[in-house]
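Asker: This is what each chain is made of:
There are 2 protein chains.
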Amino acid sequence: MVKIAVMGHGVVGSGVVEVLMKNHNGIERRAKEGIDVKYILDLRDFPDLPYADKFVKDINVILEDPEVEVVVECMGGVNPAFDFCMSSLKAGKSVVTSNKELVAKRGQELLEVAKQNNLNFLFEASVGGGIPIIRPLTQCMAANEITSVAGILNGTTNFILTKMITENMSFDDALRLAQNLGYAEKNPSADVDGDDACRKICILASLVTGKHVYPDKVYMEGIRNITLEDVAYADKFNAVVKLIGMFKVQEDGRIQISVAPRMVSKSDPLAGVNDVFNAICVVGDATDEVMFYGKGAGKLPTASAVVADVIDCVKHRAARKYVYWEPAVDNMIADYHDEVCSMYLRLCGKSTDELMVIANELCRECVYTDGVNPDEIAIITDIGTYAEQEATAKKFLERGVNVISAMRTLTL
Amino acid sequence: MVKIAVMGHGVVGSGVVEVLMKNHNGIERRAKEGIDVKYILDLRDFPDLPYADKFVKDINVILEDPEVEVVVECMGGVNPAFDFCMSSLKAGKSVVTSNKELVAKRGQELLEVAKQNNLNFLFEASVGGGIPIIRPLTQCMAANEITSVAGILNGTTNFILTKMITENMSFDDALRLAQNLGYAEKNPSADVDGDDACRKICILASLVTGKHVYPDKVYMEGIRNITLEDVAYADKFNAVVKLIGMFKVQEDGRIQISVAPRMVSKSDPLAGVNDVFNAICVVGDATDEVMFYGKGAGKLPTASAVVADVIDCVKHRAARKYVYWEPAVDNMIADYHDEVCSMYLRLCGKSTDELMVIANELCRECVYTDGVNPDEIAIITDIGTYAEQEATAKKFLERGVNVISAMRTLTL
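In the order they appear, the protein sequences are chains A and B. 1 is the number of the first residue of the first sequence in the numbering used here; add one for each residue after it. 1 is the number of the first residue of the second sequence in the numbering used here; add one for each residue after it.
Fair warning: there could be bad hints in the mix.
Since the list can't tell identical chains apart, any single copy or any two copies may satisfy a pair.
[Said to hold, decoys possible] In silico SDA-like pairs for lysine to any residue, Cα to Cα no more than 25 Å straight-line:
id : residue 1 : residue 2
1  : Lys-395   : Glu-289
2  : Lys-299   : Glu-229
3  : Lys-217   : Glu-354
4  : Lys-266   : Thr-166
5  : Lys-248   : Glu-28
6  : Lys-163   : Leu-181
7  : Lys-315   : Pro-80
8  : Lys-217   : Met-169
9  : Lys-22    : Lys-186
If you are wondering where the hints come from, they were derived from the structure by calculation, not from laboratory data.
So here's chain A without its partners, still in its complex pose:
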């Protein structure tokens, strides 16, 4: 019987305890040993729970108990989660976490200490909730050179965009609905401004490049400015608007990485991912495109990913898992102005005939569509670097054309 401790008894932490108890027999069969929660660390009291006697308020009880082999961190936030995880590793305990902010911001330091102490630091639940992605990326696709990853990594924004697309609901109304359903926080910034997706794409980029990619280095744009007109134009271009976290590995080994709303062609499997579902497309040189789809959040999906990591820790006490990346290096992230893509531009300020003439002059192979409102059109520009796209937009302004909105397209 392996003893573990769970730090934090919120949504995910309580889910971990629930999954361990509910599927006890199957888990024991797969781990080849029983797994027993010895302590739960939480400052709150839960006197009515059947396992109320397991609660402790002092981390040192866990750190000083040599019986505890694995510590599960489900507290969220960087502090004190980082200190508690670090202390656990230094006390010789493997650590499993669902905390994407922690892994994205301080993961390398924890991986380093885990490596030095021949312990595991695992975080399958930090990206994609219950969707298996960390292990497939590091193990199943280990024979590939991975060239790009693009994902719908945040369920809340995908829910909002789905409501805008399928029910013509405004951003504000869709956000309010998401809040009422408990999908979005009262302060929705981490979701709608892209921070949450950014942390997840950083974790995936760190795994693929083998070097820590920090969120504050990543170009990030949220979905607050997406309008119903943008969504309608996307439909005219046979596309949908999705918040995409992505990176591409350049020939020189540097990466293009960003979080931004993009027009995604309906022929792309990511386009069909709706509501709170997440999906991650990985392109490897041998496998080509592979996609992983499922619920990216929620108590039991996330908890089940945490428990799978715990099982792995228990099974691999002899042989540490090789999840690891090195410290960040300078200059590994390419300037976002160098990204090659085409752009959706919504144009007005002239007659539609004049708009088309000017568009044809500035973008020789552009695709355009009639306006969803009178006196405007929308185009998809020629492919070029983002710097070139900005130059084109500037030329439109110089010709007296008003660019009402602009959005990247998704090209892998």
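Got chain A sorted already, so can you dock chain B onto it with the hints?
Answerer: Okay, now just chain B, sitting in the frame of chain A:
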């Protein structure tokens, strides 16, 4: 440097050698050791290859060389692949295979000997080609009780059905096109009659239940009888026709398992899987629905899955992977007459008004649609066991109604 041998230099075997050479550095970094192909077993000669000196024709050269630690089997078929794999395991070498027929028909015996000798017998490539599925199912979802699996497991039939659906091509024409493109064999039976999908769903069912599920115990129906009318009716019901390999775990632990064409609602993520792509939906009690999507066949995707297994063998020489299932037990597969589903029925032989009256009498909550031809209608029957569905069809016949075609729907 770890020495391996590759048995069979066909499409997959040559792909394995290619991936190992092309991505040598990345693979060495991930395996923590270089991987060197010492022998390639093939009865043919390849004098022009740069690695022509590696070819051998006698399996004993490999078996008797203690330097060879991992043997990769890409020969296909059960004989002599089974004997060669068994001999390799008995000679103390781990075995990796892409051979679904071998794993589905004789996998348990090989797993048993691998276990006894503390060796690995891995087969990620046998299901879904380059799509990671075996490892996610056994590791990432280890905290779940898996309740059902349903997949589009054969790219050839999915290509044919996609052509029928999107280009109104007849089955015969679509099959001919698939043959011309090299997707289908001259004798297409293994694909279109369901054997290939059946082997794959048996492997997944064996993994989930922990007991060998043999293909000859599985209800199987191919796609030869699917007509363009069936496809058109599916569209009227907002569904598409897909060849689905699936199983559900019943309350009593027995499984419902089948391969059959089914009408799949367009709201199901499997409905959007087109052309030669495969996808597998797994439902766990904690994760809910998770889907894996990608190319289910092809030289490099399949080879990359084989190489990922080789990397795992190399990394885990100390700790054997716990992929294993026990011998089959009697009575573990439920009678297919007990499966609960609704059915699509295409009806004629009376006026459409009379057909609707009779349909309403026999299926009180059925959904129906106008005929794609005059003097016929189609319905989706009430949910019931397959035995009940057969009884209903018989009642239609007794009332003078002709049932032109019948197909299950997909309900997980």
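Asker: Hints first: check each against the structure and report whether it holds.
Answerer: Each hint tested on the structure:
In this assembly of identical chains, Lys-395 and Glu-289 lie within 25 Å of each other by CA distance neither inside one copy nor across copies; the values are 37 Å within and 48 Å between. In the homo-oligomer, the alpha carbons of Lys-299 and Glu-229 never lie at most 25 Å apart, since the shortest distance is 35 Å inside one protomer and 44 Å across protomers. For a Cα distance limit of 25 Å, the shortest separation of Lys-217 from Glu-354 qualifies neither inside one copy, at 41 Å, nor across copies, at 69 Å. Proximity of Lys-266 to Thr-166 under the C-alpha cut-off of 25 Å is found in both arrangements, the shortest distances being 14 Å within a copy and 15 Å between copies.
In the homo-oligomer, the alpha carbons of Lys-248 and Glu-28 lie at most 25 Å apart only across protomers (22 Å), although the nearest pairing inside one protomer, at 40 Å, exceeds that limit. Taking the closest pair of Cα atoms, Lys-163 and Leu-181 come within 25 Å of each other only inside a single copy of the chain (13 Å); across copies the shortest separation is 41 Å, beyond that limit. When the C-alpha separation of Lys-315 and Pro-80 is checked against a cutoff of 25 Å, the pair qualifies neither within a copy, at 28 Å, nor between copies, at 34 Å. Proximity of Lys-217 and Met-169 under a CA criterion of 25 Å is satisfied in neither setting, with 33 Å inside one chain copy and 51 Å between copies.
Within a single copy, Lys-22 and Lys-186 get their C-alpha atoms no closer than 32 Å, and across copies no closer than 51 Å, so neither meets the 25 Å cut-off.
The structure is inconsistent with the numbered hints 1, 2, 3, 7, 8 and 9, although it conforms to all the rest.
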